[in-house]
Amino acid sequence: MSKIITDRRSFLKSTTAAAALVGMPAIVRAQGASRPIKIGLLAPLTGVIAAGGKELVEGFEMYWEQVGKKVGDRAVEIVIEDDASNPDTSLQKARRLVEQGNVDFLFGNILANTGLAVANYVKGTGTPYFIPVIAADDLTQRTRIPNVIRVAGYTASQTARPLADWAYKQGYRKVATISQDYTFGHEQCGGFAQMFTELGGKITQQFWHPLNTADFSPYLGQLANLGVDAVFAMETGADATRFIQQYASFGLKGRIPLMGAMNATDQSVIRTMSNEAEGIVSCAHFAEGSKEPATVKFVADYEKRYQKLPSIYGFSHYSGAMWVAEALKTIKGNVEDRPLFLKTVLATELKDSPLGKTVKLDAYGNPIYDVSIRKVEKRADGKLWNVPITSYPQVSQFWKYDPETYMKQPPYSRDFQGIKS
Amino acid sequence: MSALFTSPLRIFWLALLACGMLAPLFLPTYYVSVATQILIFAVLAMSVDVLAGFAGRTPLCHGAIFGTSTYVVLYCAAHAGLPLPLAMLLGVLAATVLAAVFGLLAVRTSGVYFLLLTLALGLIVWGVCLRWTQVTGGENGLRGQLRAQVGLSSRELYAAVLFVVAIVTFAMWRFVRSPFGLTLRGVKDGESRMSSLGYNVPLHLIIAFTASGYFAGIAGALYAVFNDFVSPSTVQLSQSVSGLLMAIVGGIGTLFGAFVGAFLIIALEQAVSMFTERWLMVLGLTFIGIMIFAPEGVLGKARLIMAARKLQK
Amino acid sequence: MLAFQIMNGLTFAALLFVVASGFTLIFGLLRIVNLAHGALYLFGGYIGFTISKLTGSFLIGGIGAMLCVAIMGLLLDQGLLRFVRGFELRQVMLTLGVAFVLNDLALVMWGGDTFTVATPEWLQGAVVIGSLFYPKFRIFVLVVGILVFISLWLLINKTRLGALIRAGVDDLEMVEACGIDIRRVFLVTFMLGSALAGLGGMLGGTFLALYPSADAEILVFSLAVVIIGGRGSLVGAAIGSLLIGLLNTFGQVWFPQLAYFVIFGPMAVLLAFRPLGLFGKAA
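Residue numbers (the numbering used here), protein chains in the order written: chain A, 1 to 421; chain B, 1001 to 1313; chain C, 2001 to 2283.
Hint data in this document are derived by calculation from the structure and do not stem from the laboratory. Using N, Cα and C, we set each Cβ at its ideal position, and we do this for glycine too. Some hints could be false.
Quick list of in silico lysine-lysine cross-link-like pairs, DSBU-like style, CA-CA up to 35 angstroms [unchecked claim]: (1) A/Lys253 - A/Lys70; (2) C/Lys2281 - B/Lys1188; (3) C/Lys2053 - A/Lys253; (4) C/Lys2053 - A/Lys297.
Distance windows between CB atoms, simulated [as the list claims (entries may be wrong)]: (5) A/Gln307 - C/Phe2273: 40 to 50 angstroms; (6) B/Arg1155 - C/Phe2255: 20 to 30 angstroms; (7) A/Lys69 - C/Phe2255: 52 to 62 angstroms; (8) C/Phe2273 - B/Ala1302: 56 to 66 angstroms; (9) B/Trp1013 - A/Asp415: 15 to 25 angstroms; (10) C/Val2188 - B/Met1306: 49 to 59 angstroms; (11) B/Met1306 - C/Leu2147: 54 to 64 angstroms; (12) B/Arg1155 - C/Phe2273: 22 to 32 angstroms; (13) A/Lys174 - C/Phe2255: 21 to 31 angstroms.
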C-alpha cells in the first residue's frame, strides 16, 4: 500500500503546483513534451468490492513496475483514486482526475454502475477511458462511446455463449438459471439462454434475486425440484461465495451439475473456499490453472509478489496496462494526440500477454479471445484454481452473428433473454 | 426583510458573502463543480433543518426524497423525452407528494421513533429503486446528458444553481419566520401545550414535512442536472445521513448553518481523499467528535459564544 | 416443499432473533438505538472466524467472539456513550459514527475478501426427515435461537437482574429513586446485548458469509425486527424475527420482483397504525 501513498503525495504536490500555475497555463504547456504521462486509475479501495479493487491496483502496478514506469523515454505517473464502490463517488473522482489532476486518460473501475457513470461523464469530455473489467454489453455495442475501449476486458454475454454450447454438447437439455438481478446478470444469462435455446435446449426457469441476498435457501429449494440437467449461476462477490456454499450444504452439489459465470468461480471468490467449489464449470478468456507457458509465468510472478493467485481483476489490469503501453510505444508516447492514440489502441494486437496468444480488438473496441471452458480443481498444495478443459477459438462479443443484425435485437434484460422456443 | 439591511455591518457581511458565493466562478472547473455540489447539498441540509431545527422532528429519509426527484427528472428528461424544465417540475412534484405521504405516516411519532420510522420509509424508496428495473434501471441507474442538452458549461451551471439556491434559501428563511414557522417552533418546544391551545399539531407537522420535502426535491432536481446520473446510491441511507450530518455540523435550528456544514464536510472529504482512502473512518470520527464536543454545530456554537459575550457586556 | 420453505424462514428468523434480541435489550433499557450493532455483528463474525481458524475449534471461536464483542460494547458504552447520556438523538448519531469507524476498521484488519467461518465436522451434512433434506447447521442455528430466547426469557422474568431490567424499561426514574445503581445494570445489559451481536456474527458468518457491507444488511433486518416488535420487548423481537424471516423467504418465492418491499412495506403500514410497534410501550 505504500506505493499508493507515494502516488497520492506526488499528486498532492502536483496539484499545488498546478494551482500555483493557474494564471500561467502557457508555462505548463511549454513543459508538455517532457512531462510524464499521467494515468488516472479508479479503483474501489473501500466498500463492498474493496478486495477486488486492491487486486486491480496490484495488477496495474505490477505491469508498470516491470517496465520501469515509463514508455519509451516518457515517465508514467499513476494517480489512484478510491471510487468507494459507489457511482456518485466514482463520478466525482473521475471529475477530479480529469479536471484537476489533468490526467491523460482514465483506467479501471469494477462495478458496472461506477463504470457507466464514468463513461457517461467522459462522453462529454472526450477523455480516453479504458475498462478491463466493466462488462456492460452496450458500452461496446449499441451505445458505444468512441473514447471508451475495453482493453483486455470482455462483454458480459461473450463468454456465456461458448459455455451454453459446451453444456449442450454434454447432453444437458434442460437448464435453470439463477442470477443477480441487474444488467450484468441479465446479459450473461441472456447470452447463455439465447445460445442454449437456439441449439435446441430448454431454459426451464430463470430466477432473479437482488444483489446481496443473504439467504439463498428459498431458491435452492425450488432449484432442487425442477428436474433440470444442470444449473447456470451468475453470481459475483459475496453472493457467489454464499450461493456456492449453500448449494453444497443443501446437497445439490453432486446431484445437479453447476455451471457458473466466470466471476462466480473467479479467484477472488474461490480463494477463501474449499471443497464446496470444486468441480464447477465456467467459461473465460483467462484461466489461472492453464499450462500455457506465458500464463504459468504470470501466475508464478503474481503469486510470488502478492502471495495469492491472480483474479480476473489483477489479470485484466495487468494486461490492459500492457495493451495501452504497447499502443503508446507505437506512437512514441504522443498521448496528447487523442484521435491518434485511440486509433492506435484499437489497432494494437497484444502479443506478450499472460494469455500467451495474440489478442486483438474488434471494430467496436472489444477483444476477440480464444476462450477456455474451465473447471475448479484443487492444486497440489490444496488451493483451488480454474483449469481449462477445452477451448473455443476466436470468440467475439457477437459470437457468430453479424454485428449489425445482432444489435437490432433489444439489449438483454429481465424481460428479453433471447430465448427461442 | 428590511431588518436584514439596516446596519452597515450587516451590509458589509452580506457583500462579503456575495463575493464568497461568486468566487468559485473564477476557480478551475473542478472546484466549480465541488462548489456546485456544496450548494446543492446545502439545500438538502436546510430542508432537513426545517424539520429537525424548527419542528423538532429529526428525519432520516431526506436522501430518499431528494433522490426520488433526481430519478424522476432523469427518467422524464432522458427517457421519456420531456423538456428539462417540465421534468424538473415533475421531479419536485414527486418529491413533494412523497414527503406528504411520509408525513402522514410519520407525524404521530417523535424522537427516536420518528427517526427510525423515516429511516424505514427511506429504505422502501431505496428498495423500489433497486428492484423496479424497467423504470429505474436497477443497480445501474439512469444516465442522461441533461447539462449538454441545455448547453450549460460548469461555470454557467454554478451560476444557475447559485441563483436557484439563493431564491430557495430566501423562501425557506421566510417559511421558518412566518407565523406558521413560529407555530412549528411552538410545537417543538411544547407539543401538548400547542395542542391544548387549539392548534392542529399533526396537520402543522404534515405541512412542515411536505414543505421540507419540496425543498429537498428542488435540491434533487438540481443534482440531476449536475450529475447527469442517478443510481440507488443516491437514495440510500448514507445520503440521508450526509444531509442530516451537514445540518448538524452547521447547527440545527440555524438554517444558514447548512451552508457551513455542507462546505466543511465536502471540503474535508476532498482534502482527506488526497492522503488516504480511509474517508469513512475520518467521517465516523468527525461524527463522534461533533456529537460529544459540539452538538450545537458551528453556527450554533458561534451563536452561543456571541450570546455569552453580550451577557458579559 | 412448503415444509422446506417454512424451515428456511424459521432458521433465518432464528439468526435474526439472536442479533435483534441484543439490539432490543439495549434499546429498551438504555433508550439507545445502537446503529453500531451491525458493526458489532460483523466484528463478532470476523473475530470468531479468526479464533476458530487458529484454534480449530468452532466453540472456542464462538465464545471468543462473544467475549471480544462484549468488551467492545463495554468500551463503546464507557468510552463514548457516557459523554452523551440522556440525549437520545445524539446517542443515535454517535453510534452511527462508530458504525462507520468499525466498518472501515474491519476492512483494514481483514481486507475485503469474503470469508466464511468453517462449519465444525459434527454440523456438516444434512438430516433427512421423510422427503425433507435439511442442512444440520441451519437446524443448529434454529436450536441456538430457541435456546437464546429461553435463556433471555428466564433471565428477564426469573432473576433479580431481569426484574431490574424490566423495571428500568418501564420506569427508569422509579428504579433510580429506589436507590438502585442502575448504571451497573445498564452496563451489564449493554455487554450482554453486544455479546449477542457477536454470537449472531459467528452464526451468520458460517452460513451467510462475512464481507464489507454485511453489517449494514443485518442492521437493516434487525431494525425492521425491533420496529415491528416494539422497544425492549423480547416476545416482540421473537415475533418480529419470525415475521421478517418468513416474509423474506416467502417473499422471494412468491414475489421475487418485490423483495425488500415485501419486508418494509408491511412494516411501514404497521407503524402507521401502531407507531410503537406490536409490543412497544410509551417511553
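Going down the list of hints, with the structure as the test:
1. A/Lys253 - A/Lys70: violated, 49 angstroms
2. C/Lys2281 - B/Lys1188: The hint holds at about 22 angstroms.
3. C/Lys2053 - A/Lys253: holds, 25 angstroms
4. C/Lys2053 - A/Lys297: Given that 35 angstroms is the threshold and the Cα spacing comes to 32 angstroms, the pair holds.
5. A/Gln307 - C/Phe2273: 40 to 50 angstroms: With a Cβ separation near 57 angstroms, A/Gln307 and C/Phe2273 fall outside 40 to 50 angstroms, so the hint is violated.
6. B/Arg1155 - C/Phe2255: 20 to 30 angstroms: Taking Cβ atoms as reference, B/Arg1155 and C/Phe2255 lie about 48 angstroms apart, which means the hint is violated.
7. A/Lys69 - C/Phe2255: 52 to 62 angstroms: About 54 angstroms separates the Cβ atoms of A/Lys69 and C/Phe2255, which means 52 to 62 angstroms holds.
8. C/Phe2273 - B/Ala1302: 56 to 66 angstroms: violated, 44 angstroms
9. B/Trp1013 - A/Asp415: 15 to 25 angstroms: violated, 58 angstroms
10. C/Val2188 - B/Met1306: 49 to 59 angstroms: 44 angstroms Cβ-Cβ, so the 49 to 59 angstroms window is violated.
11. B/Met1306 - C/Leu2147: 54 to 64 angstroms: Distance hint for B/Met1306, C/Leu2147 holds at roughly 59 angstroms.
12. B/Arg1155 - C/Phe2273: 22 to 32 angstroms: violated, 52 angstroms
13. A/Lys174 - C/Phe2255: 21 to 31 angstroms: Since A/Lys174 and C/Phe2255 have Cβ atoms about 25 angstroms apart, the given range 21 to 31 angstroms holds.
Against the hints set out earlier in the document, violations occur for numbers 1, 5, 6, 8, 9, 10, 12.
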